[in-house]
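Participant: Following the hints, position chain W against chain Z.
Each chain is listed here by its residues.
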Amino acid sequence: MTVSLDIESITAHYGHTEVLKDLSLSVKAGELVSLLGSSGCGKTTTLRLVAGFLPPTKGRIKLGDKDITRLPAHTRNIGLVFQNYALFPHLSVLENVAFGLKQRGVGSGDRKKRASEMLDRVGLSPYAERLPAALSGGQKQRVALARALVIEPPLLMFDEPLSNLDAKLRIDMRVEIRKLQRANGTTSLYVTHDQEEAFSISDRVAIMNAGKIMQLDHPEVLYQRPANAFVARFVGFENLVPMKVSERDGDRVTAEVEGGGSMALSQDSLGPIPDEFVLAARADGLSVRRSGEGLPVTLGLRTYLGRAYQYQCQSTAGNLVANGPLSEPMDQGGSAVLAPHFEQCCILPVEA
Amino acid sequence: MTYRIHPALIVFASIVFFFLLAPLVIIIGSALSDTTYLTFPPRGLTLRWFENIFEMSAFRRTAVTSFQLAFAGTALSLLVGIPAAYALNRYRIELPSWLSTVYVLPILVPEIVFGFSLMKSVTVGLDTPIFLTLLIGHALLVLPYSVRVVSASLASFDFSIEEAAISLGSPPLKTFFTIVLPNIRAGVIAAFILAFITSLNDVSVSLFLTGPGISTLPIQILAHMEQFFDPTIASVSVLLMLVTVAVMAIVEATLGLTFLTK
Chain Z
1106 MTVSLDIESI
1116 TAHYGHTEVL
1126 KDLSLSVKAG
1136 ELVSLLGSSG
1146 CGKTTTLRLV
1156 AGFLPPTKGR
1166 IKLGDKDITR
1176 LPAHTRNIGL
1186 VFQNYALFPH
1196 LSVLENVAFG
1206 LKQRGVGSGD
1216 RKKRASEMLD
1226 RVGLSPYAER
1236 LPAALSGGQK
1246 QRVALARALV
1256 IEPPLLMFDE
1266 PLSNLDAKLR
1276 IDMRVEIRKL
1286 QRANGTTSLY
1296 VTHDQEEAFS
1306 ISDRVAIMNA
1316 GKIMQLDHPE
1326 VLYQRPANAF
1336 VARFVGFENL
1346 VPMKVSERDG
1356 DRVTAEVEGG
1366 GSMALSQDSL
1376 GPIPDEFVLA
1386 ARADGLSVRR
1396 SGEGLPVTLG
1406 LRTYLGRAYQ
1416 YQCQSTAGNL
1426 VANGPLSEPM
1436 DQGGSAVLAP
1446 HFEQCCILPV
1456 EA
Chain W
2 MTYRIHPALI
12 VFASIVFFFL
22 LAPLVIIIGS
32 ALSDTTYLTF
42 PPRGLTLRWF
52 ENIFEMSAFR
62 RTAVTSFQLA
72 FAGTALSLLV
82 GIPAAYALNR
92 YRIELPSWLS
102 TVYVLPILVP
112 EIVFGFSLMK
122 SVTVGLDTPI
132 FLTLLIGHAL
142 LVLPYSVRVV
152 SASLASFDFS
162 IEEAAISLGS
172 PPLKTFFTIV
182 LPNIRAGVIA
192 AFILAFITSL
202 NDVSVSLFLT
212 GPGISTLPIQ
222 ILAHMEQFFD
232 PTIASVSVLL
242 MLVTVAVMAI
252 VEATLGLTFL
262 TK
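Chain order of the listed sequences is Z and W. Converting from the first sequence to our numbering requires adding 1105 to each position, the first position being numbered 1. Converting from the second sequence to our numbering requires adding 1 to each position, the first position being numbered 1.
Some hints here could point you the wrong way.
DSS-like, lysine-lysine: derived pairs with alpha carbons at most 27 Å apart [to be verified]: (1) Z/1317 x Z/1126; (2) W/175 x Z/1218; (3) Z/1207 x Z/1163; (4) W/175 x Z/1171; (5) W/175 x Z/1217; (6) Z/1167 x Z/1126; (7) Z/1284 x Z/1218; (8) Z/1207 x W/175.
Derived coverage of chain W by chain Z (criterion: at least 3 residues anywhere in the stretch with Cβ under 8 Å from a Cβ of chain Z; other residues may be distant) [what the hints assert, rightly or not]: (9) 159-169; (10) 179-188.
Simulated from the structure, these hints should not be mistaken for lab results. No experiment lies behind these values; they were computed from the predicted model shown. The beta carbon of each residue, even a glycine, is placed where N, CA and C say it ideally should be.
Isolated chain Z (complex conformation) (with noise of 0.2 Å):
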């Protein structure tokens, strides 16, 4: 059984602190969303706004056709997996799987057999009797993920599932967590602060800041067509430059920044062009160069990278960073110009 879940202009107060505003967000049937964020920004808010452990102030939160938003968090049937695992301490790994089984009246011997099965599934077998405090950090979090998963709920929610696990370990439990959400096809909801572990795993992400989505779209667009500024600087674009148009000749346009120096650039490959617009690109997208078209800056601290040399640059729209080729280190305070590589850039509105 696969649902869509319809989150409808939520607003979630803590206390008299508003952490929701007139949120909305759509997961479709059998699609993993991620909600990306730091800390603070509303993510958890809205999972546990979902799970039914905070009442909303406001809104509407659908689960298929059937309205959820007053349900008693018992009733929801949503698989839940936590960052701290959540494991019964009391309760052996087998019995831990089997608990939301039991809860809905599957008979003891099906259960059991149900819960092996899931266990087999995530290679826990020979742990069945034993306690979760003998389980490593990552077989708990299999068994948190086997122990959702039976229930075979939905929806699945998960809570920074791999925050507590070590890199390597992380890696690979992300790629089982999403075989096996894409295996039984169940809508998901992940949270996570970690960019790479979002965009790797999921459909689509939800870029969150303060209690809003600023920008919900498929990784692929998020990294490479930021709609905002905010979105472009947390996917890694360090330079946001402030330009003004000054002349259009068909596709090519120049462009002037604040202060002096101007750049020419293709609306060919970046899209249409307003007057005003702010030029972001990460230190790949701007070349440095000795001389030519581009940007005229100074040169300030240069970094080695390995694959190129990263200059910090004085220009008269601020501090820039960018990259140049390894077979021409250029030295400190010497001037150069800036050139974009248009693939690598893109266009922002300007933001009051």
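Facilitator: Structure of chain W alone, referenced to chain Z:
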């Protein structure tokens, strides 16, 4: 590697242990003395003072009352204390910080004052039966232990475990009994024992609340001592000690004593 122990430490530790253990030895010795007055070392050996306890109906009656009070008072304090401790921990952020202090007021207020005010307000004010007043008094007296000790257990309990159970379909109240309670069991038992022993040994509060016909064992011991200074007192004390030892032995056999210090 061996450590050299400073001789002063050995002397100091010996003195501490002497003062801790000597009273017990003296009481046991006096209880066995074949004299009509309390003395140590005992002169002659006899068990007649133990017989004497069982022959005196006042001791029997008050012992029964004391145990009834200790059981019921402790149970009542846990009935109030466990939910209070749960709420104080579960909603720590939402609740004002002074609230947890309210639950320890009975040990912050001098027991004499506490007993007196209970007498004034409950016995005199409400005219309740003596046993009921005693029960309320004892339940309140041991409530701080229930709340504090269970709280200590809950402080290390991860409430996301409770949420996990609820998300798996277990209703909140059922979750408390099947998931939360088993994980704070050691704290509840420790609270029970501490509260039970405190109630059993209480003098100051009981002194104000006992009345005609109903008294507790410690009060009876006091009353007896004022009239007769014989070894009966010592033998009652030995029996009370045995009760404590028995409780500890049961705990040790079932849970291990280390959990009391956790």
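Participant: Has the given pair, residue 1317 of chain Z with residue 1126 of chain Z, been kept, meaning a C-alpha gap of at most 27 Å?
Facilitator: 6 Å, holds
Participant: Going straight from one Cα to the other, do residue 175 of chain W and residue 1171 of chain Z come out at no more than 27 Å?
Facilitator: 26 Å, holds
Participant: Please verify whether residue 175 of chain W and residue 1217 of chain Z have alpha carbons no more than 27 Å apart.
Facilitator: 22 Å, holds
Participant: Residue count check for the region 179-188 of chain W against chain Z: does it reach three with CB-CB under 8 Å?
Facilitator: holds (count 3)
Participant: Within a Cα-Cα threshold of 27 Å, do residue 1167 of chain Z and residue 1126 of chain Z meet the stated pairing?
Facilitator: Distance ~18 Å between residue 1167 of chain Z and residue 1126 of chain Z Cα, so the pair holds.
Participant: Does residue 175 of chain W lie within 27 Å of residue 1207 of chain Z when you go C-alpha to C-alpha?
Facilitator: With Cα atoms ~13 Å apart, residue 1207 of chain Z and residue 175 of chain W stay inside 27 Å; holds.
Participant: Hint check: residue 1207 of chain Z vs residue 1163 of chain Z, CA-CA at most 27 Å. Holds or violated?
Facilitator: 34 Å, violated
Participant: Mind checking, does the region 159-169 of chain W have 3 or more residues with a CB under 8 Å from chain Z?
Facilitator: n = 9 at 8 Å, threshold three: holds.
Participant: Within 27 Å, alpha carbon to alpha carbon, are residue 1284 of chain Z and residue 1218 of chain Z?
Facilitator: 22 Å, holds
Participant: Is residue 175 of chain W within 27 Å of residue 1218 of chain Z, Cα to Cα?
Facilitator: With a Cα-Cα distance of about 25 Å, the restraint between residue 175 of chain W and residue 1218 of chain Z holds, given a limit of 27 Å.
The structure does not agree with numbered hint 3 stated previously, though it agrees with all others.
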